[in-house]
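Q: Position chain E against the provided structure of chain Y, taking the given hints into account.
In order, the protein sequence lines correspond to chains Y and E.
The C-terminal position of the first sequence is numbered 417 in the numbering used here, with every residue numbered one higher than the one before it.
The C-terminal position of the second sequence is numbered 308 in the numbering used here, with every residue numbered one higher than the one before it.
Simulated from the structure, these hints should not be mistaken for laboratory data.
Ideal Cβ positions, reconstructed from N, Cα and C, are used throughout, including at glycine.
What you were told as hints is all true, and nothing was included just to trick you.
Pair ranges (Cβ atoms, derived):
(1) Y:His-67 <-> E:Asp-248: 34 to 42 Å
(2) E:Lys-97 <-> Y:Asn-41: 48 to 56 Å
(3) Y:Leu-256 <-> E:Gly-231: 32 to 40 Å
(4) E:Ser-64 <-> Y:Leu-256: 24 to 32 Å
(5) E:Asp-135 <-> Y:Pro-188: 33 to 41 Å
(6) Y:Ile-367 <-> E:Pro-107: 49 to 57 Å
(7) Y:Ile-367 <-> E:Leu-186: 22 to 30 Å
(8) E:Asp-75 <-> Y:Met-66: 31 to 39 Å
(9) E:Gln-276 <-> Y:Pro-188: 35 to 43 Å
(10) Y:Ile-367 <-> E:Arg-233: 30 to 38 Å
(11) Y:Phe-377 <-> E:Pro-107: 54 to 62 Å
(12) E:Glu-138 <-> Y:Pro-188: 33 to 41 Å
(13) E:Lys-215 <-> Y:Pro-188: 50 to 58 Å
A partial selection of chain Y residues facing chain E, derived with a Cβ cut-off under 10 Å:
(14) Met-83
(15) Tyr-241
(16) Phe-262
These stretches of chain Y come out as covered by chain E in the derived footprint (C-beta under 8 Å, 3 or more residues):
(17) 84 to 97
(18) 250 to 258
Here is what each chain is made of, one letter per residue.
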Amino acid sequence: MSGPSKYTPQSPFARWLERRLPILGFMYDSFVAYPTPKNLNYMWTFGAILSFMLVAQIVTGIVLAMHYTPETTLAFDSIEHIMRDVNWGMFLRYAHANGASMFFLAVYLHIFRGMYYGSYKEPRELLWILGIVIFLAMMATGFLGYVLPWGQMSFWAATVITNLFSAIPVVGNSITTWLLGGYSVDNPTLNRFYALHYLLPFILVAIVALHVWALHVTGQNNPTGVEVKDEEKETVPFTPYATFKDAFGIGAFLVLYAWLTFFAPNYLGHPDNYIEANPLVTPAHIVPEWYFLPFYAILRAIPNKLLGVIALFSAVIIPAALPWLDFSKVKSARYRPWFAKAFWVFVAVGVGLGYLGSQPAEGGFLIAARVLTAYYFFHFLVLLPLLAKYEKTRPEPASIAASVAASQAVAEDAAHV
Amino acid sequence: MFERRMSRFWRGRSRSKYNVEKRVLPMRSMGFGLIALAALAFAAPSPALANEGAKHEERPRHFSWSFAGFFGHYDQAQLRRGFKIYREVCSSCHSIKMLAFRNLGEPGGPAFPADEVAQIAASYKIKDGPNAAGDMFERPGRPSDRFPPPFANEQAARAALGGGYPPDMSVLAKARGYSRGFPTFLLDGLPGLVYQEAGPDYIASLLLGYENAPKDVALSDGQYYDVYMPGRRLGMIPPLSDGAVTYDDKTPQTVEQYAQDVAAFLMWSAEPHLDQRKSIGRGVVAFLVVFAGLLYFVKRRIWASVHH
Chain Y
1 MSGPSKYTPQ SPFARWLERR LPILGFMYDS FVAYPTPKNL NYMWTFGAIL SFMLVAQIVT
61 GIVLAMHYTP ETTLAFDSIE HIMRDVNWGM FLRYAHANGA SMFFLAVYLH IFRGMYYGSY
121 KEPRELLWIL GIVIFLAMMA TGFLGYVLPW GQMSFWAATV ITNLFSAIPV VGNSITTWLL
181 GGYSVDNPTL NRFYALHYLL PFILVAIVAL HVWALHVTGQ NNPTGVEVKD EEKETVPFTP
241 YATFKDAFGI GAFLVLYAWL TFFAPNYLGH PDNYIEANPL VTPAHIVPEW YFLPFYAILR
301 AIPNKLLGVI ALFSAVIIPA ALPWLDFSKV KSARYRPWFA KAFWVFVAVG VGLGYLGSQP
361 AEGGFLIAAR VLTAYYFFHF LVLLPLLAKY EKTRPEPASI AASVAASQAV AEDAAHV
Chain E
1 MFERRMSRFW RGRSRSKYNV EKRVLPMRSM GFGLIALAAL AFAAPSPALA NEGAKHEERP
61 RHFSWSFAGF FGHYDQAQLR RGFKIYREVC SSCHSIKMLA FRNLGEPGGP AFPADEVAQI
121 AASYKIKDGP NAAGDMFERP GRPSDRFPPP FANEQAARAA LGGGYPPDMS VLAKARGYSR
181 GFPTFLLDGL PGLVYQEAGP DYIASLLLGY ENAPKDVALS DGQYYDVYMP GRRLGMIPPL
241 SDGAVTYDDK TPQTVEQYAQ DVAAFLMWSA EPHLDQRKSI GRGVVAFLVV FAGLLYFVKR
301 RIWASVHH
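Here chain Y stands alone, though its shape is the one from the complex (with noise of 0.2 Å):
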């Protein structure tokens, strides 16, 4: 990616236009020429994927906004509109509240994978971080996008993620008051967050830019977490190659995704928002959409609202720190025996704290939700430097060609077994 261009003009305009704006080169050098390791794996498609659903969300996103209308008393109604009256409003939405679901599934899957594979170590660590960047702007995105439907749910998730900055000590109360336009989660609010709704996805796909910016400097990790020694024997250029492998993944996605939309489009949420918001009446239980619940758990195990709230936030966020945390040298969990059962034990707290999320916080639930909190923070803080100082690593392989050649040399020998 680095260095002079591959890229040579053929047509006449296009030597035209190389010479005043290299755009074509920059194109080229990107998405055709650009080296990826042979021995990626598919968990590796998903960056296509989160930038096919970006793209997805922004379009269908774009032509609900054209029939939405973004006031108290008429934003439910215009969403059933929507749903009865606008041609094809029905799969516009589906697809979007849907897509919103499968973004965060991506992700997440695309945070899993760098987490095992030691993909934020140097020099990649701006990148993961600017992954964490992109993290949050789609929490954000996906909080306000929820509460324009203005259900139940969409009232009292902007009354109680509002309410948390009441708990900073001091200003908590007038950047609450600030945020909402008003004393409380009404017209004002609903206007703003729309207006932050379109907004953000925008500020994404620039966010989006710098973080592919940053891979095609340093190049991809891949599964044995040694980098590429041998551009000639261990790349592949990115077409044909990564982008048929991304378009089968993408096309493999998006058989879950229709799945979602045409066959169980409710699935993912929750029938109180079809219920027009409503001030005096409080749901029973005020459950935040599936992917924030780990996060929502771990804010409700806090018996301190102030705690509890930099809890949340620090849960989000101190995976930015794991270059950092975990400072082995040995990148791919593949080498690292109690590294990775460390890693499928963090991935199943963080599913428990999911379902813990979901549940009314007493009892056991709230007693288990602590626990898993408790061990989120203790895997960060402790367990990975711990690890990272005292594990005794496998050897890793001399190049990505030496680790392929070997795992074809065990393939031959089980053939001919």
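A: Here is chain E on its own, set in the frame of chain Y:
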């Protein structure tokens, strides 16, 4: 008031509107984490919940719906019967404000012929105006009108119905449901097992769930005992009785049948394009499966010469 609501949120609520799953099944363990979690989950039910167990609502029954599953579609005759029940029974208290008369004639619904739709519309009085003299006036409904509400506003409804406010029925079938509990809820989204009919199951069950209250349950005026209602106290007088609505076909005129027919009608009202959604969905999913399959073979062909 805000603070009080928030403090309720912080403490968590002890009673869920939906069934709280009391039995947590053991899960297939993936590691120590999950085993530990399962152990904790077993210990989870709090004493408060256990005591309330006796008063908890029952799980809604499962009915067989024509619109369930991959090939599901509405039963036109059932929707027509359900509409009849809505019109003759429910509509005296419940509005259905998002439904237009024209919807009744659309494909994938009751699909009444155009003249019948016009007739139905004309049987309703619609408030219109102001006219040239500046007065509001009433006129017969047109297919483009929406169903007029039975009460002018919430206060009028409460005054007439002893304090109760019947919910609007437009999207009611999607606004109701019940907690399926772990691990069933995980299976509900899967092909072959997909379950999206919690709303109509709940509504039909509720209509069939009226019973004489046990001695230890005190009901206040205008409350009825219904085993499927959270808290088992329901502010709706049992609306259906055998033979109350006359069917033109040979369908049994029983509460059991009425309950299912009206629940199906409400599902259609909540999701009028379900038939279209599923038929297009079958095409989309089939196309994507083939398309992804072809991409897989293209990818294999491209990668055939690479040792990886």
